[in-house]
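2 protein chains.
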Amino acid sequence: MSLQKLTKLYLPAIENELRQVVDSASGTHFAGLSEMMTYHMGWEGQGAGAKARGKRVRPMLVLLTTVAAGGKWQQALPAAAAVELVHNFSLIHDDIEDNSSLRRGRPTVWKKWGLAQAINTGDAMFSLAHLALLRLDETLSPRIILEAAVILQQTCLHLTQGQYLDISYENRSNLSVADYWPMVRGKTAALLTTCTELGALIAESNYETRATYRRFGFNLGLAFQALDDYLGIWGNAAQTGKSVASDLLEGKKSLPVLYGLEQDGDFATRWAKGPIPPGEVSKISAQLEAEGARTYTHNEARRMTQQALQALEDAGPRGDAGEALFELTNKLMQREI
Amino acid sequence: MSLQKLTKLYLPAIENELRQVVDSASGTHFAGLSEMMTYHMGWEGQGAGAKARGKRVRPMLVLLTTVAAGGKWQQALPAAAAVELVHNFSLIHDDIEDNSSLRRGRPTVWKKWGLAQAINTGDAMFSLAHLALLRLDETLSPRIILEAAVILQQTCLHLTQGQYLDISYENRSNLSVADYWPMVRGKTAALLTTCTELGALIAESNYETRATYRRFGFNLGLAFQALDDYLGIWGNAAQTGKSVASDLLEGKKSLPVLYGLEQDGDFATRWAKGPIPPGEVSKISAQLEAEGARTYTHNEARRMTQQALQALEDAGPRGDAGEALFELTNKLMQREI
Chain U
1 MSLQKLTKLY LPAIENELRQ VVDSASGTHF AGLSEMMTYH MGWEGQGAGA KARGKRVRPM
61 LVLLTTVAAG GKWQQALPAA AAVELVHNFS LIHDDIEDNS SLRRGRPTVW KKWGLAQAIN
121 TGDAMFSLAH LALLRLDETL SPRIILEAAV ILQQTCLHLT QGQYLDISYE NRSNLSVADY
181 WPMVRGKTAA LLTTCTELGA LIAESNYETR ATYRRFGFNL GLAFQALDDY LGIWGNAAQT
241 GKSVASDLLE GKKSLPVLYG LEQDGDFATR WAKGPIPPGE VSKISAQLEA EGARTYTHNE
301 ARRMTQQALQ ALEDAGPRGD AGEALFELTN KLMQREI
Chain G
1 MSLQKLTKLY LPAIENELRQ VVDSASGTHF AGLSEMMTYH MGWEGQGAGA KARGKRVRPM
61 LVLLTTVAAG GKWQQALPAA AAVELVHNFS LIHDDIEDNS SLRRGRPTVW KKWGLAQAIN
121 TGDAMFSLAH LALLRLDETL SPRIILEAAV ILQQTCLHLT QGQYLDISYE NRSNLSVADY
181 WPMVRGKTAA LLTTCTELGA LIAESNYETR ATYRRFGFNL GLAFQALDDY LGIWGNAAQT
241 GKSVASDLLE GKKSLPVLYG LEQDGDFATR WAKGPIPPGE VSKISAQLEA EGARTYTHNE
301 ARRMTQQALQ ALEDAGPRGD AGEALFELTN KLMQREI
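Protein chains in written order, with this note's numbering: chain U, 1 to 337; chain G, 1 to 337.
The set of hints was computed from the structure by calculation and includes no laboratory data.
Each hint should be verified, as a subset may be incorrect.
Which copy? The list can't say, so a pair holds if one copy fits it or any two copies do.
[As the list claims (entries may be wrong)] Cut-off 35 Å, straight-line C-alpha distance, at most; resulting in silico cross-link-like pairs (DSBU-like, lysine-lysine):
#, residue 1, residue 2
1, K55, K273
2, K111, K252
3, K5, K283
4, K273, K72
5, K5, K273
6, K273, K331
7, K55, K331
8, K273, K8
9, K72, K252
10, K112, K72
11, K273, K111
12, K8, K283
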């Protein structure tokens, strides 16, 4: 129950920090820019609320790691806000790049305000993310803040590298499971790695402990994406807020699909023939399952979750926050599998 | 001749610094991402060369200000690379937002590689810009680097605020010259202000001198944009690398257009009726000129150039680099007027 208790304590502080940062970009002339950001963050507009905001997993991970490593969570709030804003900046741009109309059950920013404003709003949120981090200034030494700034910015570069692969895979047919990991390391694992590393850094952990927390975040990220890919085909639309089986309709090269291509069976033959229409989705997902992709993806997600839990144990996290990190990991992995 | 001499000295070092930063994002899996960046920077691909690279005005401004304020130009190379990469990141995204097919006479990144890759490549360059700045680490104190990082990131936020206004003006007809300045302060003046401020900061100037260099960069930026708007209607396409009179065709709310709308005469009446086709451009630009917009824009550009020169004089810049800053300002303003 540590997770529930600490979520109740941290979440309002995270939202408050996020709002302070986002509000810093408002002003007489820029109310419309703020509106797009507060909409996307789930605070304002049609469908605003807890569901639209998402779970704020990343900032929770920063605060919990900070405390589990012996630091104060209040000190880490700027870093927590920063990772959540980086995540949300990337969602605004990803929604354009993936041509997605819905995000958490609501129209995406580009769908509501058009392409040009959406690209620019993502850019604004990107700047705000890094400005949020630089607010660490108030409590930590310049040397640590600079290190944190480099870590977060390198992660943003890794995000774009992963996204580059994801987009470029859409025009390639000769892919295998080996192509999956460099993409997911960038797209998902990089930011979760940074969440846990920033926590350990702010708690002023030694080098070895930081590396162990990195390993925890990294494996959590890989497991998280593998599970997301699983849910993208065999998930429940009401729960994910996305269209049913949208990954197959969009031709997304997810882990089950890459596994299926590697089998070079009926699925691969059908896939090579071109886009899958809505009417064919259930047949194709059954075919994928028959060729072992569902079990494989399930097992990979579970294997990496075990690796994450092992790393977490090795890091020796303390107290309630440590317990909450174990809970969080287990909970994330029980979304649907 | 100081400008020519110092350009010969600084420019190869700027290109070298830029390439080091951009190359840091390459790697086995990401050659295609690097290719888009090296193309955009004018180093590789069809039409690569000095013309495609542009004049590198912003990094030159950083180095010249650093030296004119008493610092060493070599120390400022990371900041010089950073501002040029911020500028180029914003060009990649602006070209999408403005639906521009050509940049410096070459196809734009989105035109060559598509929307999704272009947005993502801009994001990658955005990260690289800030990583470039953090390389100041090697020569300056953490306190100064942090201050520089905040200045540059605030500027990026201002860029998006200016761009937000620019895009939103496209759907408004009740605009006047007063709406122009908040847009241009963000879109153009913010980054030039930062170039001169970073130079003074790296040279460890006192607060007053930094403020005076800021004022120089700010007025230079306003003058530069006013002139750009002038050239966007009365300029020579071969010189600007853009389509002839593209600003009128695209309905861009530039300074001459806003001046014309404020006159509420024949131009404003025609403008309210909808888009201007290519065949009508020369008639409309003549109409704008007859209503005083050409003279007004010319005078505004000149007035702000005078203010920039005055601020520069007040800053008391030293030696060859100081002389070169005067030359640079005069040269920028003599592009076509």
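Okay, the hints, checked on the actual structure:
| no. | hint | verdict |
| --- | --- | --- |
| 1 | K55 / K273 | neither (38 Å within a copy, 48 Å between copies) |
| 2 | K111 / K252 | both (20 Å within a copy, 23 Å between copies) |
| 3 | K5 / K283 | neither (44 Å within a copy, 70 Å between copies) |
| 4 | K273 / K72 | neither (56 Å within a copy, 61 Å between copies) |
| 5 | K5 / K273 | neither (52 Å within a copy, 61 Å between copies) |
| 6 | K273 / K331 | neither (39 Å within a copy, 59 Å between copies) |
| 7 | K55 / K331 | within (12 Å within a copy, 54 Å between copies) |
| 8 | K273 / K8 | neither (50 Å within a copy, 56 Å between copies) |
| 9 | K72 / K252 | neither (41 Å within a copy, 51 Å between copies) |
| 10 | K112 / K72 | neither (40 Å within a copy, 49 Å between copies) |
| 11 | K273 / K111 | both (30 Å within a copy, 27 Å between copies) |
| 12 | K8 / K283 | neither (43 Å within a copy, 66 Å between copies) |
When held up to the earlier numbered hints, the structure conflicts with 1, 3, 4, 5, 6, 8, 9, 10, 12 and fits the remainder.
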